[in-house]
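One letter stands for each residue in the lines below.
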Amino acid sequence: MDLLATIVVDGLIYAGWLFIVSLGLTLVFGVLNILNIAHGSLYAIGAYASASLVGAYFAVGGDAFPYGSYAALILAAVLVAVVLGPLLERGLLRYFYGRDEVLNVLVTYAVFLILEDVMKLIWGVNPYFVYEPYTLLGDVEIGPLFYVGYDFAVIAAAIVVGLAVWLTLNRTQIGKVVLAVIHDAEMSQTMGVNVQRIYLGAFTAGAFLAALGGALTAPMISVTPGLGANVIIVAFAVVIIGGLGSVPGAAIGALMVGISRAASVHLLPEAELFIVYFVMAIVLMFRPEGLFAKTKARKI
Amino acid sequence: MSAGVLEVRDVQKSFGAVTAAKDISVSVPKGAIYSLIGSNGAGKTTFVNMVTGYIKPDSGEINFGSRNIAGLAPRLITRLGIHRSFQIAQLCNELTVEENMLLAGAIHHDERLSFFRHAHSADARERAMATLERFHIAEHRNRLIPELSGGVKKLLDIAMAMAGETQVMLLDEPTSGVAADEKFPIMDLVIEALRAEGVTVIFVEHDMEIVTRYSERVLAFYDGQIIADDTPDEVLLDEKVQRYVTGGPA
Amino acid sequence: MRYILFLYAAIAFVVLAAGSIILPDWAMFLFAMALAKGLVCLGIVAMMRGGVVSFGQGLYYCIGAYTATLAANLWGVSDIFALTLFSSVVCLIVGMIFGPMLATYRGIFFAMLTLALSMVLYGTLSKMSVIGGSDGLNIGSPTFLGWAPEGRDLQTALYIYVVAIVVITGTLMRIYFDSEQGLITLATRDNELRVEYLGASVRKVMAYNYTFAAVLGGLGGTIAVVALGHVDPEFAFWTTSGEFVFVAILAGYMSVPAVFVAAIILEVVRSFSNLYFPNTWQLSLGIFLLIVIVTLPNGLGSLLSRRKGGKT
Ligand SMILES: Nc1ncnc2c1ncn2[C@@H]1O[C@H](COP(=O)(O)OP(=O)(O)O)[C@@H](O)[C@H]1O
Ligand SMILES: [Mg+2]
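Protein chains in written order, with numbering that gives the first Met the number 0: chain Y, 0 to 299; chain P, 0 to 249; chain D, 0 to 311.
The shape of chain Y in the complex, shown without the other chains (with noise of 0.2 Å):
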């Protein structure tokens, strides 16, 4: 029982900051179209950047008022947002707008290759460690297990995150142009959308998504060169067991990920490094394009 509940608290836990992230590539590929591998990179550049101001913030005195700490991860995850989000789309991204999907993937793969470096040039090799926002808000304990309440803070951020996604898209008019875009780019420019500014927004909103992803991370791991790799593989399983597009299928993906990787890490240590993809292989062998995907049948 006791096992259960470790299973599926640390589960959720890790399906939290997944699922902002796989959110932001989900959100991304629906509206552009491209599978973006340098999504990984905005989630380790938000990490830096975030271990940086928090780093910054306490080296200017925040230890008297610590929750400050707080605005800077976030704020963190807006600065990297602001700055890369538009450089990328607009600078190189719409320039490979109705490409082939593969193509474009390569394309976000140099970018990727290219922050790789980019970060080790401004932050160097050596592990960043910022502590303080995770030990601030202190343990909670459920049962006989302690949590630390961080950890939670975290599941709550995705859930709030999600919610204002899933919100903004249908209850709100932007979000019904959004939507239009994403079922049709080439009707909406016609009738009238501007079809470049909503790629500009969704981009930059994905690239916050996944800033925030690390901003949130950053204090709960040592951050160090290699980290997008990681993240991005993950991500990639979840939106595609999800289903390509889709805000539901991102946040049911993260649960299974976030799931099977804590069962398998209290039960069968030596497969947690690939249970993430033998899930993605079961749900694409009984769903080829994920558990959310609208298929369509081409008529001849």
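Because the hints were derived from the structure by calculation, they are not lab data.
Not one of these hints is a red herring.
Here are the simulated SDA-like cross-link-like pairs (lysine to any residue), alpha carbons at most 25 Å apart as the crow flies: (1) P:182 with P:195; (2) D:203 with P:68; (3) D:126 with Y:267; (4) Y:293 with D:103; (5) Y:293 with D:100; (6) D:126 with Y:7; (7) P:55 with D:100; (8) D:126 with Y:6; (9) Y:298 with P:147; (10) D:126 with Y:220; (11) Y:298 with P:205; (12) D:126 with Y:258; (13) Y:293 with D:104; (14) D:126 with Y:229; (15) Y:293 with P:73; (16) Y:119 with Y:223; (17) D:126 with Y:263.
Which bits of chain P does chain Y cover? Going by a derived footprint, with three or more residues having C-beta under 8 Å, they are: (18) 44-57; (19) 83-90.
On the chain Y side, residues computed to face chain D include the following (Cβ under 8 Å): (20) 104; (21) 108; (22) 110; (23) 115; (24) 232; (25) 236; (26) 272; (27) 276; (28) 279; (29) 283; (30) 287.
Bear in mind the structure is a predicted one, so any value in this text is a computation, not a measurement.
The beta carbon of each residue, even a glycine, is placed where N, CA and C say it ideally should be.
Given the coordinates of chain Y, assemble chains P and D with the ligands onto it according to the supplied hints.
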């Protein structure tokens, strides 16, 4: 009544709320030439798709010889000798006209494709050229598909479908997208070639002149149903056909 | 027409083999590694001709390398011919298992599933301490039908061996590309519906190409591990596969020699950037990749081929 080569019995198909085929029953005798008419969305292409395996009927039988082929994969149905052309010609755009023909020839010539035999062998090219010449499109052999006119594309599409041993040929709108003055020459060419081999033909067509000239029997579709099944003259006089298909007496 | 191909193959062999006389040790090693990786990339090219790209070809590179290493360490096999044969057969079998399963997937799904498979292997190997875990394994020097060369002789023998394998498989793949099956593969990338309606199985086409690519991956992995003397799970990591895809894109799908030229270019660029910009190798590679995609969307091979390719 003796059984035809193709016997379609009580076939149904719906896409969500749309009924694309309702109680479709047709019997086509060997060597006959049938045409399908009906306005857009009447279910003609769906009929062709079901017979050739692109769509599996919800229920009903499609008997070819003694075998029910409903739901078989297109590839297997093709192998049985039921071939088709497409409303929008299905060609390989990155290949030349000759290569498209070589492709069709290679697949039809031998059950087992070779990993060694050169696709452009002298034999194969000769065969391909012969077919292209028969359809009067040999002059375009070195051109890529996107450069071709609608008529040439349609002819190549049909020529590829005929590369193997065809017993039944379904032509989906063979003259759509073809310049007006090319329609009759194309139909002459195609129907003559098919007749020469004793192929059973079912073609979809909007032009009633073509229907009367080339088919011996007409099936009129409306809303997923066959509303008339008779000789061209009778069908064109049918009141329902005039109301729903031809839009008045011819 | 065929004898022209054989003539080209003979010329290619002579020219490449001449490298064993003129090249310094470091360059011979670099070329051997490039050619070995080129074999893996040739497999990706075979799949690209059918319209799919594998982002997990490191799977077979890694299987080939580990199979050879384990055969050498467990059973004391050191003969390079036996090692090569053994690991290609293992890859053939694995390819024949996964090929038909993956053959129904296209585009991003195919790319991600192949990537997933390679990452499963990466994860497994990293955790299997009996075979070295994430540190990997070493393999001793190979023998050649009983001959056990050392020093420069060993380098030369290995290099000539790689060249021979490259020329033979390259020729075979060209024959395959030009064959009826090869034409169907090209047609499949273009219009699957047409291929099915001609009566051929698209799934089989995909499965064949995948399986051939598996064997080529295994060949490349075997040679690479013998040349390096060491294998670790990174052979299956997705960034390794990413470099293979990079070479395949640089080469394009029209020309076989272009694949090996592209592989050599990559290795040369890598060693120079290691020398002059040691910390920005990935940055250079990324910029290089973008330049290739923009300026040569159909790859180097399109410069040599009469055919203008379409989408990649
Ligand atoms: N694959 C499909 N998915 C959904 N609806 C379809 C599909 N194919 C055909 N339909 C519908 O079935 C009806 C008949 O279509 P079709 O057979 O193409 O008509 P026709 O060829 O007579 O113009 C139409 O309402 C069409 O929209
Ligand atoms: Mg139609």
